[in-house]
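Engineer: Residue strings, one per chain:
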Amino acid sequence: MSSPVVELKKVTKVIKGKKIIDDLSFTIEEGEVFGFLGPNGAGKTTTIRMMVGLMGITSGEILICGKSVEKEFEEAIGNIGGIVENPELYKFLTGYQNLMQYARMVKGVSKQKVEEVVEFVGLKDRIHDKVKTYSLGMRQRLGLAQSLLHDPKVMILDEPTNGLDPAGIREIRDHLKKLTKEKGMSVIVSSHLLSEMEMMCDRIAIIQNGKLIDIQKVHDAQESKQKYFFEVDMKNIAVLKNRGIAYEKVDNGIAIEMEKEEVPNMIQLLIEKGIRIFEVKPIAKSLEDRFLEVTTQGEKLHA
Amino acid sequence: MHKLIVNEWIKIFKRPGTFVMIGLLILGVIATGVLTKIYSDKSQTVNHQWEQQVKQEIKQYQTQINELPATAVNVKKDLERKVAINQYRLDHKIPPDKGTTGWTFINDSSALISFAGLFTIIIAAGIVASEFGWGTVKLLLIRPIKRYKILLSKYMTVILFDLFMLAILFVSAAILGFALFGTGDGNNVHLAYSNGNVVEQNMFLYLIKTYLLSSIDVIMITTMAFMISAVFRNSSMAVGLSIFLLLMGGTITSLIASRYDWAKYILFANTDLIQYFDGVPLVKGMTVGFSVIMLLIYFFVFQLLAFRVFTKRDVAA
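Listed in order, the protein sequences are those of chains A and B. Position 213 (the first sequence) corresponds to 213 in my numbering; numbering is contiguous. In my numbering, each number is its position in the second sequence, counted from 1, plus 1000.
Here chain A stands alone, though its shape is the one from the complex:
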């Protein structure tokens, strides 16, 4: 991959003598969905606001496509499309008038482009209605449309799924996938909802108390050995021990660690031994476990 799209270099933010963000450094590559995970108050929103220039940087530097957010604001921000928390739009304007407000603020956004974006987020039928009549999901979509007008290289979304119902969350996720695949955009998403991040992101940075704790690839774990849960009749289960298979007893069944390829063999074996099987499923070592592992250090948790 080419040079990083977003680069944070030793970024620190001090507000009223308190270090909110402490020496944060990481990079985001082109076409990647980068998750930003941490308990409430960890500094996710502050970091994102520094990236989009809403907050000043106390020390360090943020580069967007090689341009400094502080020194070359206009050039750097031109590459960014963003939603910071819930998209607050002008309620007394229609969706279309809202988009035109933002279209006028960037050079070379044609009416055609506005129509195209409206189509993309699926708001065509309601775009000429006032925003105050929109549901939260529709506002979220309009917010997305607003950030796409100038074809940014990076999308920055702060808690994009806050307050959305499962269908809305799904929709946002699908849109983001489409954007990274079709347009090669990079996406930065913050959230405190782990399961959601797991489904969306390629890489996830975990931060706590303003410090970067860990960056992980999401799909690492699934490639190697994994635990599987077998809900079985426990009567003849001792047979497995004789065969030298390590298992642990859990509620209503057993858990065994193995490669995916071995699963059918194991099922066959169980059947041959007359053990009745009710259910088989992988126990994904979810991000949540990892997240808790990483952040449980006498800290009060939020999940």
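Incorrect hints may have been included.
What the hints assert, rightly or not - List time: in silico EDC-like cross-link candidates among lysine to aspartate or glutamate, alpha-carbon distance up to 16 Å:
#1 B:K1146 / A:E75
#2 A:K132 / A:E88
#3 B:K1149 / A:E74
#4 B:K1146 / A:E182
#5 B:K1146 / A:E74
#6 B:K1146 / A:E72
#7 B:K1149 / A:E72
#8 A:K18 / B:E1200
#9 A:K183 / A:E32
#10 A:K227 / A:E261
#11 A:K16 / B:D1314
#12 A:K10 / A:D23
#13 B:K1014 / A:D129
#14 B:K1312 / A:E70
#15 A:K107 / A:D129
#16 A:K178 / A:E119
#17 A:K181 / A:E32
#18 A:K281 / A:E248
#19 A:K19 / B:D1314
Claimed, not checked - Computed footprint of chain B on chain A, listed as stretches where at least three residues anywhere in the stretch have a Cβ under 8 Å from a Cβ of chain B:
#20 80-87
#21 98-106
#22 232-244
Simulated from the structure, these hints should not be mistaken for laboratory data. Ideal Cβ placement from N, Cα and C applies to all residues, glycine included.
Mind docking chain B on chain A? Use the hints.
Structural biologist: Frame of chain A; chain B shown alone:
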């Protein structure tokens, strides 16, 4: 830049409140017109011996001047002005205005300028603060446009809005005035009193000048409201404080001026530039130059505060 102003203009005119303001302003003109019509119909007893009446007035004013206590400087000055103008009328045989004409009505309507100013202040107070209130400031400031440009476009929109309200006031007063009271008898000279001399002025130019000069305090207070709005992000505070000062500032300042000389450094002692063209300065020794410099200083302090705070602020809400 003009696109940013278009944006702001749209945001103002897509809200019904703005049309209520314009409606109220026109209603104010109509009310003034109707009241003046009713009132002047009763009192318009055309007197042929106007010279005698004017002489009588002069006498009356002079006895008043002698009876007044020494502290009532302003009242005295105003009476002296009236005496001088009446004397000029006698000397040059210019009869006082016979009732109301379209011209005098436009002049009378200039009292509504602070009404128009009130609405401009409301707009100025809201133009930055409401973006924070609505939360839209976040999406506004993540455009590839430097913050000072955004703030400048907002200020220019406010000034445009003020001019727009003035134009509405002037035009509606002119239409109504000429429709109700006619154009008068062609003797449309304005008598101005300045530094002890009486000067004749063209009525139309005088009116334009009056409107623009009367707007100076409105523009200054608007700038202050804009500053409060940008610094404190609180439109109710900006509206409240500014309107209080718009209504009371002059009174308080002249109260202070009757006792202390430093009153001349107060903003409101300098906003009324008409005092130099047609009247007596509030504090002895004040000149147009002094007031203009004071106004500029206040203006730049307000702007500096607004721009410094707005461009440096961390947007957290």
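Engineer: With the threshold set at 16 Å, check whether the alpha-carbon distance from K227 of chain A to E261 of chain A stays at or below it.
Structural biologist: holds (13 Å)
Engineer: Are the Cα atoms of K10 of chain A and D23 of chain A separated by 16 Å or less?
Structural biologist: The given pair, whose Cα atoms are some 4 Å apart, holds under the 16 Å limit.
Engineer: Hinted pair, alpha-carbon criterion (16 Å max): K1146 of chain B, E74 of chain A. Please report holds or violated.
Structural biologist: holds (7 Å)
Engineer: Does the structure keep K1149 of chain B and E72 of chain A at a Cα separation of 16 Å or less?
Structural biologist: With a Cα-Cα distance of about 15 Å, the restraint between K1149 of chain B and E72 of chain A holds, given a limit of 16 Å.
Engineer: Hey, K1149 of chain B versus E74 of chain A, does the alpha-carbon distance stay inside 16 Å?
Structural biologist: holds (11 Å)
Engineer: Would you check chain B against the region 232-244 of chain A, counting CB to CB pairs closer than 8 Å, and say if three or more residues qualify?
Structural biologist: Violated, because only 0 residues of the region 232-244 of chain A bring their Cβ atoms closer than 8 Å to Cβ atoms of chain B.
Engineer: Using C-beta distances, would you say chain B covers the region 80-87 of chain A, given that this needs three or more residues below 8 Å?
Structural biologist: holds (count 7)
Engineer: Given the proposed pairing of K1146 of chain B with E182 of chain A, does the C-alpha separation stay at or below 16 Å?
Structural biologist: This hinted pair is violated, its Cα atoms lying about 31 Å apart.
Engineer: Is the Cα-Cα distance between K1146 of chain B and E72 of chain A 16 Å or less?
Structural biologist: holds (10 Å)
Engineer: Straight-line Cα separation of K1014 of chain B and D129 of chain A no greater than 16 Å?
Structural biologist: holds (13 Å)
Engineer: Quick one: see if chain B covers the region 98-106 of chain A, three-plus residues with Cβ-Cβ under 8 Å.
Structural biologist: With 5 residues closer than 8 Å to chain B, the region 98-106 of chain A meets the three-residue bar; holds.
Engineer: Between K1312 of chain B and E70 of chain A, is the straight-line Cα distance small enough, at 16 Å or below?
Structural biologist: holds (11 Å)
Hint compliance for this structure: hints 4, 8, 15 and 22 are not met, and every other hint is.
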